[in-house]
Amino acid sequence: MAFLLYNASMSEINQIVTQVKQATKYQANKRTLKESIVAELHMPFNGGLFYITPALLAFVATWPDGPLLFIEDSYENPIEVDKQVFLVKAQQHYYAAMNSWHQQSEELKNARKV
Amino acid sequence: MPGKSKGVLLFATNTAETDYVRIAELNAKLIKRFLDLPTTIVQGDQGSNKRLVDGAVVEWNNGGRCNAYDLSPYDQTLVLDGDYLVFDNNLLKVLDTVTDYAIADKNIYINSVNTIDTMGPRAITPMLWATAIAFNKTDKTRQMFELVKMIQSNYSYYRALYNIEPTNFRNDVAFTIADRIINGYVENPACRMPWPIISVSGKLKQIEFSKQRIIVRTEQEAFLVPRTNLHVHDKTVLQSAEFQEAIENVIA
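Chains as they are written, first to last, in the numbering used here: chain A, 1 to 114; chain B, 115 to 366.
Derived by calculation from the structure, the hints in this document are not laboratory data. Check before you lean on any hint, since a few could be wrong.
[What the hints assert, rightly or not] In silico DSSO-like links for lysine-lysine, alpha-carbon gap of 27 Å or less: (1) B:LYS251 <-> A:LYS34; (2) B:LYS220 <-> A:LYS34; (3) A:LYS109 <-> B:LYS325; (4) A:LYS30 <-> B:LYS120; (5) B:LYS325 <-> A:LYS34.
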């Protein structure tokens, strides 16, 4: 009886080990995907390079004054942008990158075993 | 920038173990496909050193990178390791916007996510990665490459001065020190790639490609990577007939 119990618990442990390994790889794959999307979310505009985030989109969309605005880019330079032109392009860029991220993320979830 | 020539410079010098030129030629095809840029492959005869890679001592020819500014026929240049395989067009964003030069300061490993590379515990500055450098031919860039030459020529001195642990010459170390000096010992985000290099270390069994992904297999594990630029340390897998055939299919 004791032998059977021991076998059962070893089997459980092996199963847990397999699950942990799969989960670890899933997290590693998820992180790699996230890092690649960071590159995708960068958009060149008017000589600057911008990391398009919800905060940046909201900031530009709600800025009250004038058509022109200076925004800090990824190189820490202030870049003059036409608010409306920038916003439209940045929204399109953000949507495309996030859509790709979502699609690839769903595929990763369905591909725990390679 | 309109009117300026753009291209990629790859340094490749064959060793007894590795056909670096063949790997660079393969990468040049990927560069044409994903960046639509011409590639110049520089074969050097600079002195080699030995390096421990995955438990084996191999010959390592890495001396020519400091001459990239002089050798590049382009106004705007990407200098890449031959084994930094290009699978997307994001490097164009950096090439189109960088003022002087941009060098990577982050490197993540798909199969070793918690690894942090340093130049040793007592090194006085974080490490940069010479794997990928974008530069314009400006005075500042020229001076930076001149500094790299000087550091390479006097490596023992600079290694001691900056408390660098690795004894063999490393381009990463020389460019890190040159960058610190040229920027007045102040961190300068204008000289950084805004995203990390993605690398895979250790011995690999196979690299395959699906429509959207790269599948990297080791003996025990498999990793799913999006179609993104990938720095592959294992040269054996890059020289395999299977890999070369797979790349031809990616390009087609």
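Hint check:
no.	hint	result
1	B:LYS251 <-> A:LYS34	33 Å, violated
2	B:LYS220 <-> A:LYS34	14 Å, holds
3	A:LYS109 <-> B:LYS325	17 Å, holds
4	A:LYS30 <-> B:LYS120	34 Å, violated
5	B:LYS325 <-> A:LYS34	18 Å, holds
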